[in-house]
Every structure is written in structure tokens, then in C-alpha cells.
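**Q** Just so you know, the protein sequences line up as chains A and B, in that order. Start counting the first sequence at 0; every next residue gets the next number (numbering that gives the first Met the number 0). Start counting the second sequence at 0; every next residue gets the next number (numbering that gives the first Met the number 0).
Hints in this document: simulated from the structure, not taken from any laboratory. Don't take every hint at face value.
Any copy, or any two copies together, can satisfy a pair, since identical chains are not distinguished.
Calculated cross-link-like contacts (lysine-lysine; reagent style DSS-like; alpha-carbon spacing at most 30 Å) [unchecked claim]:
hint: 1; residue 1: K92; residue 2: K112
hint: 2; residue 1: K1; residue 2: K28
hint: 3; residue 1: K1; residue 2: K29
hint: 4; residue 1: K1; residue 2: K105
hint: 5; residue 1: K19; residue 2: K119
hint: 6; residue 1: K29; residue 2: K87
Protein chains: 2
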Amino acid sequence: MKMKSLGRHLIVEMYGCPHKLLTDLDLAKKVLRESVESCGATYMGEFNTIFDNGGFSYIILIAESHISIHTWPEYNYIALDIFTCGEKVDPWKAYEVITRYYQPSKINIVELKRGIVEEKEQG
Amino acid sequence: MKMKSLGRHLIVEMYGCPHKLLTDLDLAKKVLRESVESCGATYMGEFNTIFDNGGFSYIILIAESHISIHTWPEYNYIALDIFTCGEKVDPWKAYEVITRYYQPSKINIVELKRGIVEEKEQG
Chain A
0 MKMKSLGRHL IVEMYGCPHK LLTDLDLAKK VLRESVESCG ATYMGEFNTI
50 FDNGGFSYII LIAESHISIH TWPEYNYIAL DIFTCGEKVD PWKAYEVITR
100 YYQPSKINIV ELKRGIVEEK EQG
Chain B
0 MKMKSLGRHL IVEMYGCPHK LLTDLDLAKK VLRESVESCG ATYMGEFNTI
50 FDNGGFSYII LIAESHISIH TWPEYNYIAL DIFTCGEKVD PWKAYEVITR
100 YYQPSKINIV ELKRGIVEEK EQG
């Protein structure tokens with residue numbers, strides 16, 4: 000029985016980001032949309048919420064799953080998820096774009112394989 | 000230095016779900032909205048995409064982060080994420096609701112603490 004994974008999910012903790020970037024939703028839209036293009040994903044739609052302290056949540060749904068950020072300006076912290084499926088999309092390319100803009104002083108990453116299933120025969 | 004985590008993220012792999020449930024977006028809306036209520040989260044908005052094979056992506060943005068599902072009917076598999084922040088919301092209550100409806104024959108779960116930061120003094 001040959002197994003494969005349907006998707007890859009990068010769970011990224013970005014610490015020490017400049018405060019002003021974490022209240023800038025327009026920047027996030029630019030950055031995440033660019034990240035979608037860079038990794039070859041297909042944009043399907045998006046949604047955001049802004050909080051009283053200026054922090055925000057922003058999610059882009061892609062045909063290959065989703066990319067989301069949640070910002071905590073008071074802690075200079077961003078929770079980033081890059082979840083992609085299929086072999087044509089490379090989540091690490093999106094990661095490179097996003098971390099380049101947000102300049103975290105410290106990053107923790109977990110890469111999880113999602114959906115470990117039996118490979119189906121072609122035909 | 001006293002540390003705390005800002006959020007909890009349940010990464011749930013649901014295998015062996017009945018095929019017909021994985022093409023039923025209306026059911027997913029009912030289930031996830033009920034899960035949001037059950038865990039005491041605040042609903043902010045949602046977005047979905049349906050694919051040619053009947054599978055779909057569905058994300059609810061909550062004030063405390065997000066809950067998302069992506070379904071693969073052909074593999075009877077659902078990728079579920081329940082990401083909540085704050086101490087008032089219990090992601091495991093949402094988990095109970097969702098797994099009860101989808102009847103997976105096998106579940107894998109990873110619980111990650113998100114945003115490990117220094118606790119700020121009150122005042």
C-alpha cells in the first residue's frame with residue numbers, strides 16, 4: 000500500500016515584528032495576495048476582521064486550501080498559517096514572501112503533512 | 000519571566016467520513032456555526048468554495064481566530080482546524096460538535112499552543 004499526503008500545512012509563529020506593520024491591513028492584503036501568486040496558488044476569495052487595538056485577522060481562501068494571519072500588535076506577534084494541497088503549489092514560496100515583509104526577529108515553524116491517504120491507481 | 004500562550008490550535012485529521020457528508024455544504028454551515036456557539040466564540044463572517052468533485056472549503060472567521068474545514072470526498076477525508084485565542088473559548092467544545100456530526104472512523108489530532116509570549120502585568 001503506497002501512501003501519500005494531500006497537503007502541507009506550515010504553522011508559523013512570527014515574533015518581534017514591527018508594531019506598525021501589525022495594524023496595517025492594506026499591507027497584509029498586498030503581502031498575502033503576492034504570496035498567493037508567488038506559490039502558484041489560485042485565489043478564491045478573502046475575509047478580514049479588524050479589532051479595537053488595531054490588530055486584525057485576514058484569511059485568503061485558495062483553491063488549494065488557505066493562507067491566514069492573525070496579528071497581536073501588543074505582543075509584536077503574528078500567527079501565520081499556510082495550508083496548501085497538491086504538488087504544484089509550494090507553501091515555502093509563500094512563506095518567503097510573507098516573512099520578508101514582516102521582518103520577524105524570531106520564527107518558529109512546524110510543517111505538518113495533512114491527509115495521509117492511500118495513493119489511488121491512475122486510470 | 001512568566002510566559003503564556005495567546006491561542007490554542009487543534010489540527011484535526013478526520014478519516015473514514017461518509018462520502019455524502021463531504022459534499023454537503025449546507026450541513027457544514029449548520030455544524031460549524033453550531034460549533035462556534037458551543038465553544039463560546041464570536042462569529043465574524045465566513046467564506047466558502049465548492050469544487051467540481053463536490054468537495055468544498057469553508058472557513059468561519061471568529062473574533063478569537065478561525066475554524067476551517069476542507070473536504071476530500073474521494074478520500075473520505077476532512078482537514079479541520081480549530082484555532083481559538085483567549086481563555087474564555089474552549090476549542091475542544093467545537094471539536095466535540097464537529098466530530099459528532101462527521102462520524103470519522105479514525106482521527107488524528109495535534110494541539111499546538113500559538114503565540115508563546117511574556118505575560119504582561121495587569122494595571
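**Q** If a hint holds in the structure, say so; if it does not, say that too.
**A** Hints, verified against the model:
In this homomeric assembly, K92 and K112 come within 30 Å of each other (Cα to Cα) both inside a single copy, at 17 Å, and across copies, at 25 Å. For a Cα distance limit of 30 Å, the shortest separation of K1 from K28 qualifies neither inside one copy, at 40 Å, nor across copies, at 34 Å. In the homo-oligomer, the alpha carbons of K1 and K29 never lie at most 30 Å apart, since the shortest distance is 40 Å inside one protomer and 36 Å across protomers. When the C-alpha separation of K1 and K105 is checked against a cutoff of 30 Å, the pair qualifies only between copies, where the shortest distance is 19 Å, while the shortest distance within a copy is 38 Å.
Taking CA atoms no more than 30 Å apart as the test, K19 paired with K119 passes between copies only; the shortest distance there is 20 Å, against 48 Å inside one copy. For a Cα distance limit of 30 Å, the shortest separation of K29 from K87 inside one copy, 22 Å, qualifies, whereas the shortest one across copies, 33 Å, does not.
In the structure shown, a violation is registered for the earlier hints numbered 2 and 3, in ascending order.
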